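**Student:** Sequence:
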Amino acid sequence: MENPQPFIEYVLRSGARTDVLLAIADGSDSTQSLLNRNLASESAVYNALTELENRGLIHVPRRKRWAVTGTGSVVADLIEHQRETERVLRTDIDYWRNHDITVLPRPFRSCLADLADGEIVRATDTQPSRAVREVEKRLEPATAASVIAPVFNERYSNAFLAGCDNPRLVLGEDVFADLITDADVGENDGGDNLRTRVADVAFALTVTDDCLLFSLPLLDGSYDAQTEFVAESERARCWGTELFEYIWKDAESATAYAESLDTNVR
Numbered sequence: 046m047e048n049p050q051p052f053i054e055y056v057l058r059s060g061a062r063t064d065v066l067l068a069i070a071d072g073s074d075s076t077q078s079l080l081n082r083n084l085a086s087e088s089a090v091y092n093a094l095t096e097l098e099n100r101g102l103i104h105v106p107r108r109k110r111w112a113v114t115g116t117g118s119v120v121a122d123l124i125e126h127q128r129e130t131e132r133v134l135r136t137d138i139d140y141w142r143n144h145d146i147t148v149l150p151r152p153f154r155s156c157l158a159d160l161a162d163g164e165i166v167r168a169t170d171t172q173p174s175r176a177v178r179e180v181e182k183r184l185e186p187a188t189a190a191s192v193i194a195p196v197f198n199e200r201y202s203n204a205f206l207a208g209c210d211n212p213r214l215v216l217g218e219d220v221f222a223d224l225i226t227d228a229d230v231g232e233n234d235g236g237d238n239l240r241t242r243v244a245d246v247a248f249a250l251t252v253t254d255d256c257l258l259f260s261l262p263l264l265d266g267s268y269d270a271q272t273e274f275v276a277e278s279e280r281a282r283c284w285g286t287e288l289f290e291y292i293w294k295d296a297e298s299a300t301a302y303a304e305s306l307d308t309n310v311r
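Each position in the sequence shown, counted from 1, maps to that position plus 45 in the numbering used here.
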């Protein structure tokens, strides 16, 4: 017996099936309301309803009222997630094509849809420090901030430490090793309330009380100081906070890491 076509593939192979399923998941529960949305021709809508019902993706729990089944709800959510991810990638095709997103942990790569409100800030010939200034501008008024830094930038550091309560910092292993060649570094170095850890990271991340910023390396692995991704939605900030906590949890304290390098620690 031939295996049935996968649910998501089956729905996506028809624009009418896709739009009708998403519309029902969105609350359009009558045939007339679906027709009123001009999703497709009348015959295509009726065919889609029959096909979706036959595949167990929608049903009629009450007379003439459509609803998604459990399977239909999952499929609709995944298709909507896919569309949101596509919108993120299309906001700036060149950025995503030329940067290495594999440096992000897989669970966060699969949730790029959470960044749908974001934009890329780029340096230009007339504003070569535009991306750097954007980060400074966002950090200076922040009262709370968590930062992952694969490179050291004194301007970022000064803005970061200026007014944040209990800031947290994850430094890349290489930049930390460079910093401690000139001075002893402890976990709270840089301020009484600054907590510092060390991890093998290749991306920059800043989460403040009102925004998310991050910077991915170029495909050759080099740090890109010319671009910055900026988003302000609560959803994007939650994504950034969870990513920071994911890295922070496994990062090593600055003191312990310095000791592992046989460095005198204050």
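Hints should not be assumed to be uniformly reliable.
[To be verified] Using C-beta positions, here's what the derived DEER-type ranges look like:
1) TYR291 with GLU131: 20 to 28 Å
2) LYS294 with THR116: 14 to 22 Å
3) GLY72 with ASP170: 14 to 22 Å
4) ILE165 with LEU123: 22 to 30 Å
No wet-lab data here; the hints were simulated from the structure. The structure displayed is predicted, hence computed values, not measured ones. Glycine is no exception: its CB is placed at the ideal position from the N, C-alpha and C atoms.
**Student:** I'd like to know which numbered hints this structure contradicts. Please list them from smallest to largest.
**Tutor:** 2 and 3
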